[in-house]
Each structure stands twice: as structure tokens, then as C-alpha cells.
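**Student:** The sequence shown begins at 16 in this note's numbering and counts up by one.
It cannot be assumed that every hint is accurate.
Claimed, not checked - Label-pair ranges, simulated between beta-carbon atoms: (1) E51 x R159: 34 to 44 Å; (2) R159 x K113: 29 to 39 Å; (3) E77 x E98: 16 to 26 Å; (4) L34 x Q90: 17 to 27 Å.
Treat the hints as calculated values from the structure; they're not laboratory data. Don't be surprised by glycine CBs; every beta carbon is placed ideally from N, CA and C.
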Amino acid sequence: TLVGSDTPGHAEVELLNILGADVSAVGNTEFSYGLEILEDNLGQADFSFVVANIDASHTTLEIPARSVMSFGVEQVGVVGLTELEPQGNAATAGIVTKDDGNESTTDFDEIVYLVQQQINILTEQNVNKVILLDQRGDSIDAVRLANAVQGIDVIIVGDSTANVDNPVDTSPTDLPSPY
């Protein structure tokens with residue numbers, strides 16, 4: 016059964032495999048059991064993981080910032096974000112949140128820059144639909160991000176139970192099937 020898995024996180028990966036997921040953002044919980052288990056879970060996935068705001072350059076972990084999926088002639092880009100616990104297992108393994116080193120830059124401004132950078136790359140690749148998978152757990156911050164970054168079409172926020180009372184724009188978009 017899914018629940019009886021010996022590897023933490025494996026049930027979630029197996030469920031996403033069964034559901035036919037194409038891509039998922041790495042959340043903070045994926046780092047909770049150490050790098051070896053995370054790498055094992057990544058290897059078990061039939062889908063891609065993405066995360067743009069971590070620096071894992073001092074490890075063997077390789078997770079791209081973005082992914083591109085094709086639906087007929089449509090190219091859809093997906094960018095991922097996560098929130099790391101500063102004293103958690105990710106930090107112990109040498110994985111940190113990307114930081115520009117400038118004390119005057121806010122964390123939010125750094126996220127805006129990182130996401131915009133990825134969208135610009137996707138745009139250069141003729142991708143004109145972008146989904147942001149935001150695992151930082153802050154729905155209100157995601158609304159601010161939607162206003163600050165050009166080119167995001169959809170934001171999906173994970174790890175949050177907050178209500179967004181005043182969404183940015185709820186008008187329908189004309190997307191071709193199968194959306």
C-alpha cells in the first residue's frame with residue numbers, strides 16, 4: 016500500500032506517479048529526511064521536480080529551476096519555488112536558499128528576480144504559458160508575486176491554508192484545449 020512505504024516521501028511520489036503528474040515543485044518537507052532519501056524519491060518519480068530558489072551546488076543534488084511541457088503545439092513552462100528551514104536538514108546537507116548577498120535586497124525582491132529570470136529564459140525558448148508552483152506556503156505573497164513578475168499565467172500555492180480574499184484577476188483566459 017502507499018501508506019506502508021519504508022521511505023518517507025515515497026508514498027507521495029508513488030501517488031503522483033499513479034496520477035500521471037508531469038511536474039512538481041520540491042517542498043520544504045522533501046528535505047526533512049536528508050539528502051539520500053530525497054535523491055531516492057527523486058529517482059522514483061516518473062515526473063520532473065523543479066525549484067528555482069535553492070543553491071545545491073555543494074551537493075550531488077540536481078533539480079532544475081524550470082521545466083517545459085508540450086501539449087500539441089503549446090509549450091508550457093513550469094517554475095518551482097520552495098521555503099527552506101534555515102536550521103533544517105537541507106542546510107545540514109549544504110542546500111541553502113539562493114541569496115544575492117546584498118543586505119539591502121529583501122527576500123521578496125530576490126524571489127521576484129529569480130522567477131523573472133526563469134520566465135525570461137522560457138520566453139526566449141518560445142514558451143508563452145508559465146505556471147509557477149510555489150511551495151513557500153504564503154498565498155498572500157503569491158498575489159504580490161503575481162503583480163511583481165511579468166509573464167506568470169497561473170500560480171499554484173502549496174503548503175498553505177490561507178484564504179486569498181482579493182485575488183488579482185479572476186477573469187477567464189482563452190486557452191485552447193486541453194486546459
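**Student:** Does each hint hold? Answer for all of them.
**Tutor:** We went through each hint and held it up to the structure:
Our hint of 34 to 44 Å for E51 and R159 holds, since their Cβ atoms are close to 36 Å apart. Distance hint check: the CB atoms of R159 and K113 are about 19 Å apart, inconsistent with the given range 29 to 39 Å. Checking the proposed 16 to 26 Å range against E77 and E98 shows it holds: the Cβ atoms sit about 20 Å from each other. Checked against the given bound of 17 to 27 Å, the beta carbons of L34 and Q90, roughly 22 Å apart, stay inside it.
Of the numbered hints given earlier, the model fails hint 2 alone.
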